[in-house]
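Participant: Given next are the chains, with one letter for each unit.
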Amino acid sequence: MTSDPVVLIDGRELELSPGERLNAIQAAERVGIQIPHYCWHPGLTVVGSCRMCLVEVGTRDAATGEISMMPKLIPGCNTPVRDGMVIVTNSEKVQQARAMVEEDLLLRHPIDCPICDKAGECLLQDYHFQYGRDERRADIRPFTSRRRDIGDVTLFVDRCVMCSRCVRFCREISGTNELMVVNRGAHEEIDVAPGFPLANNLSGNVVDLCPVGALGDKDFLYRQRVWYMRRHMGVCTGCATGCSIWVEENQDRIYRLKPRENPQVNRWWICNEGRYGYPHVHHDQRLAQPLRRDGQVPVDLDWTALPAELLERLRSAGRLAAVLSPYLSVEEAYLLATLVRGIDREARLVLGPVPVVGEDERFPNGFIISSEKCPNRRGVEEIIARFENGRITALDHFLPELADGQIAGVWFSGGYKNANWIEEEKARPLAAVKLLVVQDLFPSAISALATYELPAAAFAERDGSYVNRNDHLQSVRWAIRPPHGVRPEGTLYWEMLGRSGLYNAREVLREIAAEIPYFHAAGAGVPDVGLNLKVNSLAERT
Amino acid sequence: MADYEPVLLANIHKEGSHRLAVYEAGGGYRTLRRVLQERSPAGVIEVIRASNLRGRGGAGFPTGLKWSFLPADHPGPFYMCVNADESEPGTFCNRVQMELDPHQVIEGIILSCYATRANTAYIYLRYEYPLALERLETALAECRDKGYLGKNILGHDFSLDIHVHRGAGAYICGEETGLIESLEGKRAWPRIKPPFPAVEGLFRKPTVVNNVETLTCVLHILDRGADWFKSIGTPSDPKNPRDPGSYGPKLYGISGHVERPGLVELPLGVPCRELIEEHAGGLRQGRRAKAVVPGGLSTGVMTESELDIPLDFSGPLRVGCLGLGTAGVIVLDETYSMIDFLHNSCRFFAHESCGQCTPCREGTHWAVAMLQRIKAGRGRLKDLDLLLEIADNIGIIPGTTICGLADGAAWPIKTTLRKFREEFVDHIKQTNPGGYTAQSPPPAMALVHK
Amino acid sequence: MPTTERVLSDPIRTAIQAYYPRYPNRRAVLLPALHVVHEHLGHVPQQAVVEIAEMLELAPADVLDTLSFYGFFKQVEPMGRLRVWVCRSISCAACGGEDLLEYLCRRLGIRPGETTADGRVTLEFAECLGACEHAPAMLAGDTLYKKLTKEKIDDFLASLPS
Chain Y
1 MTSDPVVLID GRELELSPGE RLNAIQAAER VGIQIPHYCW HPGLTVVGSC RMCLVEVGTR
61 DAATGEISMM PKLIPGCNTP VRDGMVIVTN SEKVQQARAM VEEDLLLRHP IDCPICDKAG
121 ECLLQDYHFQ YGRDERRADI RPFTSRRRDI GDVTLFVDRC VMCSRCVRFC REISGTNELM
181 VVNRGAHEEI DVAPGFPLAN NLSGNVVDLC PVGALGDKDF LYRQRVWYMR RHMGVCTGCA
241 TGCSIWVEEN QDRIYRLKPR ENPQVNRWWI CNEGRYGYPH VHHDQRLAQP LRRDGQVPVD
301 LDWTALPAEL LERLRSAGRL AAVLSPYLSV EEAYLLATLV RGIDREARLV LGPVPVVGED
361 ERFPNGFIIS SEKCPNRRGV EEIIARFENG RITALDHFLP ELADGQIAGV WFSGGYKNAN
421 WIEEEKARPL AAVKLLVVQD LFPSAISALA TYELPAAAFA ERDGSYVNRN DHLQSVRWAI
481 RPPHGVRPEG TLYWEMLGRS GLYNAREVLR EIAAEIPYFH AAGAGVPDVG LNLKVNSLAE
541 RT
Chain V
1 MADYEPVLLA NIHKEGSHRL AVYEAGGGYR TLRRVLQERS PAGVIEVIRA SNLRGRGGAG
61 FPTGLKWSFL PADHPGPFYM CVNADESEPG TFCNRVQMEL DPHQVIEGII LSCYATRANT
121 AYIYLRYEYP LALERLETAL AECRDKGYLG KNILGHDFSL DIHVHRGAGA YICGEETGLI
181 ESLEGKRAWP RIKPPFPAVE GLFRKPTVVN NVETLTCVLH ILDRGADWFK SIGTPSDPKN
241 PRDPGSYGPK LYGISGHVER PGLVELPLGV PCRELIEEHA GGLRQGRRAK AVVPGGLSTG
301 VMTESELDIP LDFSGPLRVG CLGLGTAGVI VLDETYSMID FLHNSCRFFA HESCGQCTPC
361 REGTHWAVAM LQRIKAGRGR LKDLDLLLEI ADNIGIIPGT TICGLADGAA WPIKTTLRKF
421 REEFVDHIKQ TNPGGYTAQS PPPAMALVHK
Chain Z
1 MPTTERVLSD PIRTAIQAYY PRYPNRRAVL LPALHVVHEH LGHVPQQAVV EIAEMLELAP
61 ADVLDTLSFY GFFKQVEPMG RLRVWVCRSI SCAACGGEDL LEYLCRRLGI RPGETTADGR
121 VTLEFAECLG ACEHAPAMLA GDTLYKKLTK EKIDDFLASL PS
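Residue numbers (the numbering used here), protein chains in the order written: chain Y, 1 to 542; chain V, 1 to 450; chain Z, 1 to 162.
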């Protein structure tokens, strides 16, 4: 008597959880078998048109164990696995079918590999080596290799294998319907209607979806070969949705951000703002040198002695305040708050300006681009609330308090992604502060007032955790080393707190989880896709 | 064979056969009245099942069985799609029925919609039949005026509207789900199955797609009975319990190199030779038959020595053809080049391939490219092996494509190359003496520097 | 959105709207709408695509996707006053249809798909007109020409209004 459904794949058994619905491709992956496919994607409707995922399917008699296979090949993408199903992916028939599809796709495909961005991450290449024939048998030549500007991305028309993923994306996910197939049969091409180019905030995803080099990212085009890049898990800091990403870099230079699959946050997608939200990291206007202003004269400083100097100045200043930026990670916010409260037990902790642009943008499939353009307001608020007994003060409400001169020292943490991000008159109240430490990425009206100007780390240069609009916490490690003059926030606070060894964000998070109930669920470790603090805490209480 | 009295073509020679008055004078719509009065929809399905009526559109699927797939409890609406896209080369029987006896078609549709609980029917009519369009539209207007269509037909709790939906010249719209996609306003890319149209069809509702001739058979079965239907044609093989037999009358179209091309109605199972000799006047100019297509181009070819097979649903299979198809017989005499035949066929399927799935889109294109090269005198013997390899591997039969167009593309290749290989070998050797033995394509640079 | 003169006149729009009650959604009206426009204007220009899309609540890309699938609808220029289809499928080809198509091309001075300079005739090849018993066959407008010969073609051309 079986309880859970069992599927047999190439002789390996897979037990399915009851109620779990997988197709043959997903089931095979569970047992370590890759079924090649172009057109199927878990986030899009199933069309079964590429025919690369063809497998043999049969049933195993529960009583006798006898296996009977169906005579014809079946696409794995459209085959929901059931109890007693037998799937064969390594038979002669399946191999021949794959070789046929590969050969078919290469009949008219321009062999642009030397000049194609996709080389190294191209399914057509990969499957050719794994499943293709080793000789060309067709006369069909020469190849055309046309390039077409279709809006947000560029299209190399003749490389397309007609998987239709991009068209389905525009219909089902972005709901914008810009892409279409034109003509019939072997003359089919992808195109846009004249005057209606591909132009939506999710458009970059079609490049990820394209299994070959037909769709090219205009930002990334010809900039880097993929095999030179390393990729690191990260989180987009563009808005409060907090999409999981891959940061792809070569020698500490980011070339590309790609979405990382996260069923609970962004699924497979990322918006364009997030995708292309990294140039500021390598901008030449970025603050690169810690300095002190003696009067009007800036004095370049050295990081060796600087932490001690800062501590001394803070201790001797008097009343303190810290402005915690919503760009700080949870750990960094906690350490800064601890640091400042450690020196002045009544130090004010204030929430830095939260950039809001327009309204949330919602897409038909549920993807939301948040109007809140920072990654961690939620997490920073909880830290502040902890230290201030629930009181969260916004910077706007705090600034008038500076007028009476009581607060002598303010630590301002920033991380805002462009220069001059705040109006001069908004920043002016800070001029009254005798000791103003500003830690930011770019020069601004605030950094101009700073006593100490400290270059901040960019998102890809720090370790830490962020909490998104849905109370979902994700932890990341640094992907690139910062420019020479930058000491990342976490490292600096850790050092100034006198903790020994290197800054260890995981350790800090465990402390936070133990101390602040909101973060409790993160104490046992955070998986790669993060975890939802609300859901997990509700689960604990029941 | 005893003289067979046509039933499907009974009216076509009458003056004004397409008019309602003429149709009714001959007993038209009497069956509709009786069935609405005496039978339930389920009862009608039972009669059709009992008759073993098989679809006349090409696939030969038992109609009663197809209708039984409709879900019993579904809020609806249910749809009927009449497949009048008739585009299989060699086929023209639906055209004649719609032009000369549209009311027979309509009565068949109404009865079938009654059985399948469809309240809206669309006749997907190919663009190239303007006379059929005119005749059908006029006939439908007559029916609406008379109360055979509309709300509460003839006072019964059954309402139906029939609309003609005009195609735009694509063969793939004759495929069930290709037709449905086209009707929905999209490109006619057939759908993966499951789900099948009976469960999720037009506008994602339960739908039955039936051929014009099939629906006229429904009418006559309900008129004269399932037993009458089964008294005609080839009985099922007693040794094979799964054989539904080949019952009923069939419209056979004969074209090509015969004296009297045309349409004739005969019981299923007439030997092909008899059809050609006795009903089409034999070959023109006293010539011999060289190759004969039994049921529309997709079914492939037979040689002269294979012409004694019966033209029913199983006969052509015995000589390696795809099946009876649409019973559109095409006769080619000894003067016709099989290279031209195969080139014409491959060109047709490459032109009509919807392009959705890889093996068909690329395979048909490759095949016609090879045939062009062979015709142009640059063929290689290796090409014949490649063509057979393509043909043996594309289609729903091996499971490598979404629909049967690929099988239709493959069968002419398979049958022609296997039955007429000599002719191809001779042609290739004679036209490309220097290059016919090459095993692989010329090097790329040789083509570039041509 | 380009602001150009509307090409779908009121009669065209009314004709398209007449199809709405037949279908449960607007998208299904697309093929009938394309036929209506093509009959009235002789082609479906880009502006018409945009207007059809508006009427049927579709994206222009959706309209073009369907339109271009068929190869039936002219897009750039109006077709000639008479559209002549000569069948090239197997029964007609076996009875000399392709040679007759070539003959017609020579007589008209155009290739299949093209329109004569005076706008009288658009010549097309057709895949199986379904008139195989009358091979070689030709569909000119709504009239079927049967058992075509060079002489019949000459007569046909002579009969065309100038």
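Treat the hints with care, as some may be off.
[What the hints assert, rightly or not] In the SDA-like style, the derived pairs of lysine to any residue whose C-alpha atoms are separated by at most 25 Å in a straight line are:
1) V:K186 with Y:F143
2) V:K14 with V:F69
3) V:K193 with Y:V86
4) V:K14 with V:Y4
5) Z:K146 with V:G320
6) Z:K146 with V:E134
7) Y:K72 with V:G320
8) Y:K434 with Y:P364
Hint data in this document are derived by calculation from the structure and do not stem from the laboratory. Quantities reported herein were computed from a predicted structural model and do not represent experimental measurements.
Participant: Would you mind marking each hint as holding or not holding in the structure?
Facilitator: Okay, the hints, checked on the actual structure:
For the given pair, V:K186 sits about 30 Å from Y:F143 by alpha-carbon distance, which is inconsistent with the 25 Å threshold. Distance hint between V:K14 and V:F69 is unfulfilled; the C-alpha atoms sit about 39 Å from each other, more than 25 Å. A threshold of 25 Å between alpha carbons decides the hint, and for V:K193 with Y:V86 the separation of about 20 Å falls inside it, so the pair holds. For the given pair, V:K14 sits about 18 Å from V:Y4 by alpha-carbon distance, which is consistent with the 25 Å threshold.
A hinted pair counts as satisfied when its Cα atoms are at most 25 Å apart, and Z:K146 with V:G320 does not qualify at roughly 33 Å. Annotation: proposed proximity of Z:K146 to V:E134 holds, straight-line Cα distance about 19 Å (limit 25 Å). For the proposed pair Y:K72 and V:G320, the alpha carbon gap of about 19 Å is at most 25 Å, so the pair holds. The hinted pair formed by Y:K434 and Y:P364 fails the criterion: a straight-line CA distance of about 52 Å is larger than 25 Å.
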